[in-house]
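Q: Start from the sequences and build out the full structure, keeping to the hints where you can.
Residue numbers (our numbering), protein chains in the order written: chain A, 1126 to 1358; chain B, 326 to 485.
Just so you know, these hints were derived from the structure itself, not from any lab.
Among the clues, some could well be false.
[As the list claims (entries may be wrong)] Below, a sample of chain B positions facing chain A; criterion: calculated Cβ distance under 8 Å:
id	residue
1	LEU337
2	THR344
3	TYR345
4	PRO347
Here a beta-carbon is modelled for each residue, glycine too, at the ideal position from N, C-alpha and C.
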Amino acid sequence: MKSLQSAYWAVGCWLVLTLVAYGLDPLFRSGRHSSLEKRYVDQIVQDFEIQKTESYAALTRQQLIDRWLPLAKNFELVPASLTPVTDRSPTRSSALLDRGVESGLRSGLGVVSESGIVGRITDSGDGWSRVQLADDAGFVIPFVDEDGSRGILSGSLFSQVARLKMRLDPMAFSQDERLFTDGSGGVFPAGVYLGAVVEPRTPIQSSKILLPLTLGLSQEVIVFLPIKTGSSR
Amino acid sequence: MKLPALFLLLILSILTSSTYGPLLGSRLLVADPAMVFLAWVCLADRWPRIVVVAIGLAIYRMSGTIASLLEVIAPLLVLIVTVRLIRMGISPYDRWRRLGIVTLALLAAGSSSQWLVAPHLGRGVQGFFADSLLALIVAAVMFPLLDLTRPMLKSARYPQ
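A: Rendered as structure tokens:
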């Protein structure tokens, strides 16, 4: 009987420790908000605050469209709101969009923010899309460096960090060299900022590339929807 | 079988995993409290309980992820098979040896998970030792707590 009491005490202590850690969770997650938290905030703010937020979001979206329109000649730009989520797989990094198939979004489309690359849509439904973020270990994208050399970049096991997966041309990284999309693949237009080389190393594959710092934050984003041949923009 | 107690412990371990996940980051690959719980059940329990815990953990991980089914299932299977194979040669009832078994199994499960997603992302010798140490620490922290809950699962064949 005494050992059974100890077992219940152990479970109780375990639960308390977990709940304490859950209370400290915002400290671990600085800037990452779940969709549930966001919904809760939306419910409690006053009408005036909602209107202010909406007008600000509209302004941001217009600024985003103005920024990306000159680059995206063969794409339709779809604005959306991105909410980061904690992916339940330790190797994965994902987020949710507030738009889905009703806006023409589907798997494989590219997503960018004001700062540059965000990721690629992996799944869509009515009113939602799931995005594979650029720091996801399985994310790959062709790039071009400032010297015009091409390669393939991949995400990593660390937040906001990318690695060189493969060189397509002879290349050597220099400190703070910036990397951009090369426009191949039809997902992103050429010239989208991918990241900067913060630690050039030898071998070059172990160089550390820092992705845009806003990658894991709630923000307004743009989805590149390729224009079908023959359709007007 | 004391299934309600098993479910309670499974939910607690999943809650711990989701709470400490942001702190551990990608290190959760080898130091996931829910995986440590599965390894603890695998050490000296019966197959139906192992299957129940593995299915519960797989369902939790499959919801809300961009990972494929194989990415979710494979590490669980690797963990179970590794623990059950090693325990045939090393006693799972010795408190130090079982930590060795579980650390090896967690490393194998973590490596398989990483290999399936990004085989080109090597962590090097330093990363391997850091992962081993972290897996050992998390297992060493959780095992005394899990051992205390043994009476709730009294049909299991744990030594008293």
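Q: Are the hints correct? Go through all of them and say.
A: Hints, one by one, checked against the model:
Because the closest C-beta pair between B:LEU337 and chain A is about 6 Å apart, less than 8 Å, the hint holds. About 5 Å separates the beta-carbon of B:THR344 from the nearest beta-carbon of chain A, less than 8 Å, and the hint is met. Given the 8 Å rule on beta carbons, the hint for B:TYR345 holds: about 6 Å separates it from the nearest Cβ of chain A. With 8 Å as the threshold, the beta carbon of B:PRO347 comes within range of chain A, its nearest partner Cβ sitting at about 4 Å, so the hint holds.
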